Amino acid sequence: GQQVMQIPQYQHVQEGEDFTTYCNSSTTLSNIQWYKQRPGGHPVFLIQLVKSGEVKKQKRLTFQFGEAKKNSSLHITATQTTDVGTYFCAGRGGADGLTFGKGTHLIIQP
Amino acid sequence: KAGVTQTPRYLIKTRGQQVTLSCSPISGHRSVSWYQQTPGQGLQFLFEYFSETQRNKGNFPGRFSGRQFSNSRSEMNVSTLELGDSALYLCASSFLPPGQGAYEQYFGPGTRLTVT
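For the record, the sequence lines run as chains Y and G.
1 is the number of the first residue of the first sequence in our numbering; add one for each residue after it.
1001 is the number of the first residue of the second sequence in our numbering; add one for each residue after it.
For the record, the hints were derived by calculation from the structure and aren't laboratory data.
If you're wondering where the values come from, they're calculated on a predicted model, not measured in any experiment.
Positions of the beta carbon are idealized from the N, C-alpha and C atoms, including for glycine.
Errors might be hidden in some of the hints.
Unchecked claim - Cut-off 27 Å, straight-line C-alpha distance, at most; resulting in silico cross-link-like pairs (DSSO-like, lysine-lysine):
#1 LYS1057(G) / LYS59(Y)
#2 LYS36(Y) / LYS51(Y)
#3 LYS102(Y) / LYS36(Y)
#4 LYS102(Y) / LYS57(Y)
#5 LYS1057(G) / LYS70(Y)
#6 LYS36(Y) / LYS56(Y)
#7 LYS1057(G) / LYS51(Y)
#8 LYS102(Y) / LYS1057(G)
To be verified - Partial selection, computed: residues in chain Y whose CB lies under 10 Å from chain G:
#9 GLY1
#10 GLN11
#11 GLN33
In isolation and in its complexed conformation, chain G is listed as follows (with noise of 0.2 Å):
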């Protein structure tokens, strides 16, 4: 099974600007996962998403968005982007729904996001 892809790989963007970020989970996955990792504040949770529905939100401002599609793949965006943002986006999926049975994330390689 190929495992969780995110494209792209690299980005820059400049302060203002928004960005989309894509995640295809592993086949038959319905969960998936974004987190914000930086070197100061570790791995941050965003969002999770079953079945198109959101099912929790981590502590971002709205600024911050998801959206889970019916393949499962999901996007992830940021608009007007502020330098803080800069950081590596990791996307995850599971099999099962969040909080349930052993949980056991997938993570992808990540988007690493650059705001000059």
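Chain Y extracted, bound-state conformation (with noise of 0.2 Å):
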């Protein structure tokens, strides 16, 4: 079955740092999602990628979907405190139900 690869598991930046988590599938996918997961908390949606190649930015998050249609990437420029969590990519290829990644933690040092 389909499956969706996501690294790194855990990322330690100083806070003001950049941070980058990879999504990788093993089908191409109609769409991805990204997902943030504060500790304690629930999946929180952040942004479907439809098209191949596309890029979106919302402020200091950038998501992108690759040609190919079976990678993508999430970029936070200058992280902040309230960054911490732990981000999913989802991804779904055709008439299938959902495939998460299973995450990266991403834990800021100030």
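From the two separate chains plus the hints, produce the assembled complex.
What follows is the structure, encoded as structure tokens:
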């Protein structure tokens, strides 16, 4: 079945440094979504990418969808303590349900 | 608008028992999806429903089942509980059918199930 790999599993950064998490699918995706989960909380939808090569920005967050629609990335510029949490990508291939990556835990040191 | 609600929030069951979890989506949302979250396996898709029809099912044994009612509320049932079923069960709702448009999902707080 469809697999979505996400790296790194953990990322420690100093506050103010940049952060990137990468997502790779074993199959072509019709779309990819990104979620953020704070410790003790539930996933919160951030964005959905649909088009090949699509790039979307939300303030300090930049999301990219690969040309082959099999990989994606989330980049955060100048991290802040409020960015702490786990970032998940989730891909949908055709008529299947969403497959989530295992997430990247972002830990920020002040 | 009220968010997605899930009941109960916490549950302790014994191996071999069965359990029913409930999810009330955001008003107007007709898609409901269920996920199992564990530290080892992460978020795993269980099933999704739209207008009372199961649209997709994840790779879980037949002990896991679900349904959606005409008011879009959904329940999932796990029979013959095993220790490995201990997890956070999350429900998410969406306005659009699965896979269509900006399929933004809103998650509930989850039900923490512990099987002893």
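Hint check:
1. LYS1057(G) / LYS59(Y): 36 Å, violated
2. LYS36(Y) / LYS51(Y): 21 Å, holds
3. LYS102(Y) / LYS36(Y): Status holds; Cα separation ~12 Å.
4. LYS102(Y) / LYS57(Y): Since the Cα atoms of LYS102(Y) and LYS57(Y) sit roughly 23 Å apart, the hinted pair holds (cutoff 27 Å).
5. LYS1057(G) / LYS70(Y): 22 Å, holds
6. LYS36(Y) / LYS56(Y): Distance ~16 Å between LYS36(Y) and LYS56(Y) Cα, so the pair holds.
7. LYS1057(G) / LYS51(Y): The hint holds at about 26 Å.
8. LYS102(Y) / LYS1057(G): 19 Å, holds
9. GLY1: Check passed: Cβ of GLY1(Y) comes within 6 Å of chain G, closer than 10 Å.
10. GLN11: 16 Å, violated
11. GLN33: Given a least distance of 8 Å, the restraint on GLN33(Y) holds.
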